[in-house]
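Number of protein chains: 2
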Amino acid sequence: MENIKGNLVVGQSGGPTAVINQSLVGVIQEALKHENITGIYGARNGVEGVLREDFVNLRAESHWNLEDVAATPSAGLGSCRFKPKEEDCKKIFSIFQKHGVRYFFYIGGNDSDLSAGIINKIAQEQNYDLRVFHCPKTIDNDLLVTDHCPGYGSAGKYVAQAFMGNDLDNRSLPGIKIDVVMGRNAGWLTAAAALARVNKGDGPHALCFPERSYTIKEFVERVEAIYNSNGRASIAVSEGIADKDGNVWLQSDIIRAELRELGMDSIIEWMDATGRIEDAAGGAKLDAFGHAQLSGSGMMADFLAAVTKIHLFKKSGKKVRLRADTLGYAQRSFAGCVSETDAAEARESAAMAVRVAVSGVKSGSICFKRVPSESGKYFCDSFRAPLEDVSGVNFPKGVKQYRPMDDKFITGDKFDVTPEFIEWARPLLGNLPVKGTLTNTKI
Amino acid sequence: MENIKGNLVVGQSGGPTAVINQSLVGVIQEALKHENITGIYGARNGVEGVLREDFVNLRAESHWNLEDVAATPSAGLGSCRFKPKEEDCKKIFSIFQKHGVRYFFYIGGNDSDLSAGIINKIAQEQNYDLRVFHCPKTIDNDLLVTDHCPGYGSAGKYVAQAFMGNDLDNRSLPGIKIDVVMGRNAGWLTAAAALARVNKGDGPHALCFPERSYTIKEFVERVEAIYNSNGRASIAVSEGIADKDGNVWLQSDIIRAELRELGMDSIIEWMDATGRIEDAAGGAKLDAFGHAQLSGSGMMADFLAAVTKIHLFKKSGKKVRLRADTLGYAQRSFAGCVSETDAAEARESAAMAVRVAVSGVKSGSICFKRVPSESGKYFCDSFRAPLEDVSGVNFPKGVKQYRPMDDKFITGDKFDVTPEFIEWARPLLGNLPVKGTLTNTKI
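Chains as they are written, first to last, in numbering that gives the first Met the number 0: chain E, 0 to 442; chain G, 0 to 442.
The shape of chain E in the complex, shown without the other chains (with noise of 0.2 Å):
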């Protein structure tokens, strides 16, 4: 394999993150030190930018300008969600060797590798030399082969960082309070939440993720006993929660029959009404996948505020305060929230891809290992996969095309964190701010 001369194109796909123009000026400043980089093309809105020649120059960027741009959340080349087909991906190469591309970097999830993979398919029956190399990035960590994802700390950090504040608001006005956490298949950043914890006591009280499954039952009895306790609760769901089959929560049928046997029947009305309003909005809430949308609603936080409270209220005939928040697109767009860790893994990452892609390897996906250490002190080191490898794409049917939280990392209860996990993500979250509090001296 041989060094080859030619433009480059980069660009942003899926949901946007605080760190994912860390990935792009990484691509960009290290590109202008290769000189068989000619052009340094940026694809408007990821691939929906290829497929209309929306290039841009981003060797007329200034240095200080893309430091700004590398310390600002969200694609700053516009992202897309489209996922092109077979097709599609025969006009992107026909494309790239109209402009004389030779060098594709893509910065996105799965779908951005698998879309990487077919393109780079193509260019190799075509026996055009094309350099191709995804580079990760996603707050819900479940890419496969890598350690962790950069934009995974820096979401981890603002759920902490909302966590901390949540526990410590619960302490102040003591009651319960229930957040639902970002990660449809995995439940990475809901288990980052756990980080909020420095002293004893400390929320959340309990976690729920998608690799186990929960009854409503389980649930509230969990929650009950928690406040019973501390006299207070604060809980962390995954969007995902889902009964025995896999099914969410929200669209199970199992859950639908719990409530009714709980005597909940209020909330399947109430369920019901949402999905009337959905038909006359135009449809069931589908997202371009095929799957269900979860964030940018408060359904499922009411939905478990609706369960607890009527089981606490037919318990105790007391009507408790609870409030339950969505932490919503903060998750992965506040402004102002970067894990340091995370930013200099993504910008250094996405620099690796391409240098290794100069190198003369034709494709891959950089991911990340930990470098054992004699003192214990995190170091992380990047590594060149196949881009088939990470998307999961020649897996049997049937088999999980992204990464679910280790066994090792949740209880055996179900309801919480090992100290494994926490010793896991501590690194990857970066500073998180101080947390005092009183020594409480009784007079």
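Hints are supplied without guarantee of correctness; some may be wrong.
What the hints assert, rightly or not - Okay, derived cross-link-like pairs now, SDA-like style, lysine to any residue, Cα gap no bigger than 20 Å in a straight line:
1) G:Lys318 with E:Gln125
2) G:Lys199 with E:Asp67
3) G:Lys361 with G:Ser381
4) E:Lys318 with G:Gly274
5) E:Lys4 with E:Gln125
6) G:Lys441 with E:His62
7) E:Lys317 with G:Arg80
8) G:Lys216 with E:Ala279
9) G:Lys413 with G:Lys90
10) E:Lys313 with G:Ala272
11) G:Lys90 with G:Arg80
No wet-lab data here; the hints were simulated from the structure. All values reported here derive from a predicted model rather than from experimental measurement.
Keeping the supplied structure of chain E fixed, place chain G upon it in accordance with the hints.
Structure of chain G alone, referenced to chain E:
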């Protein structure tokens, strides 16, 4: 009026803020300087703690620890939602007498000022020399007399940073994003979203305030117009958005009638279903003061999403990408988002309360005024106002006991803030993160 020797009690009340502990530490650090102040007691959970004589020794805290506490959001002493009646205030006063308390500092909002006023009156009637001071705090910024309130700047900063992120996210993946902001009576916090704007075309593109009334038609048509001209829309709506009679949307008969008129009956059914859940959980959504519960639920955002989605679907036959978030409790408690200005002002004004009390003034609330400066730079001065002026307790029935946004701060079309507001608010929020953008030089 003379100086008097005795113990000091400080308490915190109401919804926590990011700097309510700065006020606490301001009181403690200043109290330590005055030999007439003997014991420095903290009342746990505000006046509730006084009533159960639950005091902690704040002299036992190290300076280092106090700095950690000051930097930590939420009430370090614990808070309460308890509004003492005349009877309770008498009991509080007798407990103060019993413990030789001569100085009482109550950090809180309107209700805390009111409580302080009643306790002060009893002390005067009993001819007992008690110095009673209110240290304002509220993220809502709706206290009378003062230019602005400690707590507002940091909450405003959080809101601005959330909208910065929203806008960047919305640029990356265009669609409609609606966010509901705290502030039942006043739009100050919603207005802070406008500080997220840095570059041309930045959102929020429309804001709705409790100070103006809106019909559903006005709201959805405004969103539609923005979406049609920009291809995207970021919208900030106060949780207190109201009809022309001043009733909040979710409790408005006018809004119900309009929903029916607009053929949005499915939303009425959904609202009724929500009400039945509340019934099953022990009653309607009313808090301790008889206010409807607007925070801690995603209902308002989901309502706005529903009316907008149905409207746009009826108009275009197409389903638009629309998400709605309720910014939630993070606005008042998120750890790691503090305005430097707000922190300093909270600390200094609380210290001033102690100085004024020690100087012999019997009571008051420490308010802010701006100091005009030749350079136009922001300077703020503190002054003592009578307790009854801040609570508005002597206002005739029907006159608002809180401060709405000034008319000059809301545009004539009621969907935006004026440049005067931006100028007014900017110094209060402290430093905001950089918002970098590519020049997007076409190839």
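The hints, checked one at a time:
no., hint, result
1, G:Lys318 with E:Gln125, "violated, 39 Å"
2, G:Lys199 with E:Asp67, "holds, 17 Å"
3, G:Lys361 with G:Ser381, "holds, 17 Å"
4, E:Lys318 with G:Gly274, "holds, 15 Å"
5, E:Lys4 with E:Gln125, "holds, 18 Å"
6, G:Lys441 with E:His62, "holds, 18 Å"
7, E:Lys317 with G:Arg80, "holds, 18 Å"
8, G:Lys216 with E:Ala279, "holds, 17 Å"
9, G:Lys413 with G:Lys90, "violated, 47 Å"
10, E:Lys313 with G:Ala272, "holds, 19 Å"
11, G:Lys90 with G:Arg80, "holds, 18 Å"
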